[in-house]
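Heads up: the sequence shown runs through residues -19 to 283, numbered per my numbering.
Do not rely on the hints blindly, as some may be mistaken.
Restricting the straight-line Cα-Cα distance to at most 27 Å, the calculated cross-link-like pairs of lysine-lysine (DSSO-like) are [claimed, not checked]: (1) Lys(-13) to Lys245; (2) Lys185 to Lys143; (3) Lys241 to Lys282; (4) Lys108 to Lys143.
Note that these hints are calculated values from the structure, not bench results.
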Amino acid sequence: MTQVSVKKLNTVGGHQDCVYALAPGPETHQFFSAGADGVVALWDLNDMETGRMIAKVPSSVYALCYYPERNALIVGQNMDGLHIIDWENKKELGSIKLSAAAIFDIKVLKDRIIVAQGNGEVHILDIKTLETIHVIRNSEKSARTLAVSELSGHLAVGYSDNKIRVFSLREWKLVHEIDAHKISVFSVRYSPDERFLISGSRDAKLKIWDVIDGYTLKESVAAHMYAINHIEFSPDNKHFVTCSMDKSIKVWDASTYQLLKVIDKARHAGHGTSVNKLLWTAHNNLLISASDDRSISIWDIKF
């Protein structure tokens, strides 16, 4: 097994409630966070003691997405809609009410915003006008997670009806429906070469689907004790990490899907409750984790 060393560099607790969302910032050493307290904060990995609030919304936030072309942050306010934030001047550039459902994931693809909602709808919006271009309605259960493969022209959506549905990016039509897991699908990610789709579920399983072979199952791994909340690839694409309701973070080899390291409270002073989101930055290869314990931790992982 590859030798992996893990060192916790810092833990900060600027949020007053569970932290659900992380997003890269304008510079590699910056990132955004948000959670149940409605606060959206900007952090600097070079000075983690000085996180600053850039926005506050009236309800919880599960999803953030940084949009470099406008240097703006897209914030999903649960039970309301989207806010486009000029983070430097702390101003709202635009907003749109979508529904009374939770917003679980946001992706930007060129001039489109893709939004996964708790009512099962996936909205595709024009990024400049915020007008709705299309609404995907294929389930009444929550659309929890999104992944985009421009190579195959696919949008993969993980749902709480245990399925992954794959839609064409051109017409937003259903092209594949996968009976993926026993319960809700919480995270989907395309591999860096976009050959495989990796899914994580509330059933604690990690599954690898072969895109070229029509999304057939390549591998199934009993990865965690409880729900897998998120999957994140390393900047060099050689590894990925998963985080779970079981309070742990696990490091995997991206080519063999072998487990390389477990980061937990007992061994590494990890999180005390569910780990909700991960962000693996290009800044010194640092990994960021966000948890129900209201904290954000910074990890130095060396291979």
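To see whether the hints hold, each was checked on the structure:
no.	hint	result
1	Lys(-13) to Lys245	holds, 12 Å
2	Lys185 to Lys143	holds, 14 Å
3	Lys241 to Lys282	holds, 11 Å
4	Lys108 to Lys143	violated, 32 Å
Hint 4 from the list above is the single one not met by this structure.
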